[in-house]
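Protein chains in written order, with the UniProt record's numbering: chain A, 1 to 160; chain B, 1 to 160.
Since the hints were derived computationally from the structure, they do not count as laboratory data. It cannot be assumed that every hint is accurate.
Since the list gives no way to pick one copy over another, a pair counts as held whenever it fits inside one copy or between any two copies.
[Stated by the list, open to error] Straight-line alpha carbon distances no greater than 25 Å define the calculated DSS-like cross-link-like pairs of lysine-lysine that follow:
id, residue 1, residue 2
1, K57, K76
2, K143, K29
3, K153, K57
4, K100, K84
5, K153, K83
All values reported here derive from a predicted model rather than from experimental measurement.
There are 2 protein chains.
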Amino acid sequence: MKTLFTYNWTVREEWYRWCEDVPLEELLKVRTGGVGGILHTLFHIIDVEWSWIRVLKGEADFQESFEGYQSLEKVKELDELFKKEVKEFVLEWGSGFENKILQETRQDGSMETLLWGEVMRHVIAHEIHHIGQLSVWSREIGKQPVSANLIGKGLTTIET
Amino acid sequence: MKTLFTYNWTVREEWYRWCEDVPLEELLKVRTGGVGGILHTLFHIIDVEWSWIRVLKGEADFQESFEGYQSLEKVKELDELFKKEVKEFVLEWGSGFENKILQETRQDGSMETLLWGEVMRHVIAHEIHHIGQLSVWSREIGKQPVSANLIGKGLTTIET
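Please model the entire structure based on the sequences and the hints provided.
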């Protein structure tokens with residue numbers, strides 16, 4: 001669990017650095033697929049990661065929209081703010097958390113029973129999927145995307 | 001580990017079904033980003049997944065190119081052939097495998113030391129990343145992509 005979260009955080013930092021060389025106009029441009037834009041995608045990843053952790057903790061999640069975060073700096077600040085709490089939760093993760101139950105209410109009002117381990121893997125897959133979208137848009141604007149390789153990133157976390 | 005592999009296999013099957021309604025010309029069309037096409041991406045995912053498992057087992061990996069697999073049927077047949085061996089390996093996975101060492105020779109001839117757990121997570125992230133690219137191309141041709149949600153797919157594998 002820790003390796004894949006660390007992978008996602010590392011890749012995300014590399015995308016922030018990638019963004020530094022790209023005009024804000026390109027970062028905000030509405031594109032085809034996903035949530036429809038580069039910076040919007042990074043904002044969405046941060047939002048979803050933090051919100052699910054908050055749901056597992058039984059606390060209020062994030063309700064703001066991308067409209068208030070239209071710059072790389074604002075998105076990075078939000079990430080820093082949320083990351084602290086997410087990191088704490090992930091680093092405390094142990095096998096005892098895997099099968100804890102989360103009762104969620106679906107949008108149609110029905111109930112859904114989820115395992116905590118399932119939610120955590122959903123969060124992991126969610127970021128990687130959206131980063132894949134960034135890689136296409138990156139090529140569309142003629143830039144090399146950040147490498148998605150997990151090996152070779154020095155993620156030597158020993159999993160138990 | 002098993003949940004994320006099962007997630008990937010489930011999503012891949014859904015993409016095969018998605019492909020059934022799309023003309024072969026669109027599946028083969030060269031596109032911007034990734035390996036440059038929808039069917040080519042699915043072929044690449046299968047290739048990389050099987051090849052890494054073979055490397056861990058110390059056996060020969062896949063060396064064929066996409067040129068010989070230019071139809072949905074051929075790609076699905078290859079998947080079925082490889083999946084058997086991959087599944088067997090994944091289902092036997094236990095914590096004792098996590099920190100086994102793989103010595104790999106890089107393309108420049110230098111040696112790289114990898115943990116088996118790192119390689120397996122690389123394979124997982126590799127597929128999810130490429131599926132993210134498919135989702136953009138799907139919208140480009142006006143079709144709704146397969147859902148990338150991990151929750152709600154009935155992946156109730158209990159991880160230990």
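Legend entry - 25 Å Cα threshold - placement of K76 relative to K57: Cα proximity of K57 and K76: one copy only (23 Å, versus 42 Å across).
Legend entry - Alpha-carbon proximity context of K153 and K57, limit 25 Å: between (30 Å within a copy, 23 Å between copies)
Legend entry - Within, between, both or neither, where K153 and K83 count as close if Cα-Cα is 25 Å or less: within (20 Å within a copy, 27 Å between copies)
Inset, instruction - With 25 Å as the alpha-carbon cut-off, assign the pair K100 and K84 to within, between, both or neither. - result: within (23 Å within a copy, 32 Å between copies)
Inset, instruction - Using 25 Å as the alpha carbon limit, work out where K143 and K29 are close: within a copy, between copies, both or neither. - result: Both. Shortest intra-copy (15 Å) and inter-copy (21 Å) distances satisfy the 25 Å Cα cut-off.
The structure is consistent with each of the numbered hints, conforming to all of them.
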